[in-house]
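*Asks:* For reference, the chains in residue letters:
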Amino acid sequence: MGLALSGGVLASGMGSAASLVINSDHTDPAARESLAAVIEGFENTYPDIKVTWNRFATEGYKSSIRNFLAANPPDIVRWYAGNRMLPFVEAGLFADISDLWQQEEMSDAFPSMASSLTYQDKQWAVPYSYYPWGIYYRADIFEEQGITPPEDWQALLAASRQLKDNGITPFAIGSKALWPAAGWFDYINLRLNGYDFHMQLTRGEADYTDPRVKNVFDHWAELVKPGFYNQNHAALEWQDAVPLFAQGEAAMYLMGSFTVEVMKSAGLEEAQIGLMRFPTIDRDVADAVEAPTEMFATPANAPNPDSARKFLAYVARPDVQAEMNRIAGTLPANRHASVDDSPLTRQATALLSGVESVSQFYDRDVPPRMAKVGMQGFQEFMVRPDQQADILQRLDQMTRRLYR
Amino acid sequence: MNRASTFSKPGVSSIWRRNQRRLAPLLFLAPGVVMFAVYVVLPIFQSVWISFFHWDGMGPKDWAGLTNYTDLYDDPAFWTSLKNNLIWMALYLLAIPLGLAAAIFLNQNVTGIRIYKSLFFFPFVISQVVVGLIFSWFYAPGIGLLPEITEWLGLGQIAVLADERYVTYAVIVAGLWPQIAYCMIIYLTGLNNIAADQIEAARLDGARGLRMLRYVILPQLRPATFIALVVTVIGALRSFDLISIMTSGGPYGSSRVLSYYMYEQALSEYGYQMGYGAAIAVVLLVIMMLFISGFVWRMFGDEKEG
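Chains as they are written, first to last, in our numbering: chain A, 1 to 404; chain B, 1001 to 1306.
It should be emphasised that the hints constitute simulated quantities derived from the structure, not laboratory data.
Restricting the straight-line Cα-Cα distance to at most 20 Å, the calculated cross-link-like pairs of lysine to aspartate or glutamate (DMTMM-like) are: (1) A:K164 / A:E144; (2) B:K1061 / A:E90; (3) A:K50 / A:E40; (4) A:K225 / B:E1164; (5) A:K225 / B:D1163; (6) A:K122 / A:E104; (7) A:K225 / A:D386; (8) A:K264 / A:D28; (9) B:K1083 / B:E1164; (10) A:K122 / A:D99; (11) A:K62 / B:D1241; (12) A:K214 / A:D386; (13) A:K62 / B:E1269; (14) A:K225 / A:D165.
Over 10 Å on every C-beta distance to chain A, these chain B residues come out as not near it, computed from the model: (15) W1016; (16) R1022; (17) F1028; (18) F1036; (19) L1042; (20) W1049; (21) W1079; (22) T1111; (23) I1113; (24) F1121; (25) V1131; (26) G1132; (27) Q1198; (28) P1219; (29) I1234.
From the three backbone atoms N, C-alpha and C, an ideal C-beta is built for every residue, glycine too.
Work out the full structure, taking the sequences as your base and the hints as a guide.
*Replies:* Next comes the structure, spelled out in structure tokens:
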């Protein structure tokens, strides 16, 4: 009541109504509902601002964002953190919001994410959620087989061998969209060579012909060559591989936490789904987690910059992030936000406790132009591991061309 | 006509009157020519110009000279795409004899022939997107018919769209389905116009079967064959939609053709290389020009003969 009243006073004080245009690709039911809740709350807080929300299909959004940013910018866009946003920052299409970060004390709210949203010492976006990647496993199958979740590489190989011998494919994957294969490369590289080398490689400061990269592929080959992945994965989308997992034909699935909703709708109970961290390969390497950050930015030429900044400040609030991430089944970026208490959310949060570094994901950490070539190489390797030397040579040639 | 007023203003209207015959066609052509110039010819030159730069489509352009072209030469993905383009063109030509066969088969008077004709023509009417989806399901491991067949034959489940050895051929087969229907329609119209008296005369001379086809029918179908050839070659060169829907160029880029590779480099999710994409477009343009000018040459030659 009090809120509505003060809002009404504010509106009459301002005179004319302002507006806010949001472009996003929140099309999954849960994600859509979560942003709808945010917008409703925002409109209640600022009744004088009328929100228009344009929803795009995800793949189309990724290519049309360049056009609408340049030609017809909205006030708020959703995009990816890390190198993936640099083309827009460098082209002057995103607005610098460093002052908003200071004013709202965002460095305190988002300490681990600040670096992936900072470029040239300025902040360009507000993170609202993230989803850690880990190995989802069928808890019931593991119990039947007497397998405990593997903690190191040798245990992972042994468990895979045992599953395979019992007619169960160890890992489900659908690599048609390419990025699911990149999760494997990232994690093996992070566990084997550490976060710093992974970042050097993705920034183009290390070569793909480096023996350390070869070592990553040699380890990966220990999973590919014995046939630990399902066949024909290059023809499958990641959702197409979920039924293999749900029907018990495959026992593990390396994925982001957004997969849980899909697994449940494929018929799995929450108790059947377990989540473990990617096993240790080298004990001397500090733990890192792959956890892409979702964020909102405001275009430099936004028609309603004031409304945009109000929205960014609003969506950074811990109570708002807690609510929207509860609906979406993801984790809030704001560290003061409360997290719901389901076992899988607890497990996902546990993945991140005591972790020093967070990587964004291959296609966000490398420049966009490298992403496709790199991930095609990973997919080819998973189909034809004997081509390893050729693939690395090709990636190396590509980096030389792209980073020059 | 008001003579007085025409004489009182000798300037504009007399020029118009004197040159009416020459100006009228130009005026009628103007809208089309302007559209063609602005939306087709100008962009061609812009593409060629952009292909000399490194440009991400948003920021400043950097002069690159011929580096985009030398990079193309060293790029294995470019050669894969070019090779696939040639395979597409060669196999797509099969649509012509197959379309002719279907047309001859359907060119008879039985009850309900119209229904059969429309059924054969159906794949050309539905969208390429639908064709691509239907064939994707046909090929899909686990749910599709083809993997079941290969398994029954003892070859195991073959997922043709995930195997770089078969993927291009699998997409071409999907493309042939509507293309055959298209050629069939062209030939059906051609068969309608065949002179009945010549067939009668040939029959009296004892020609039948293949000899009849080879020496009497085919020569009369030459204009139809020419059109079928042109639409098929152009159709093969601009193959894009099926690849985009069925494979996205995969697995690992082995089913790309030049048009798809250009889209991927310049416009797609990870493509920020307008210059490189433009260079691919220029190469594709050169190939197309070779064929199209060949066709135009033929057409002029035929007209002179006629």
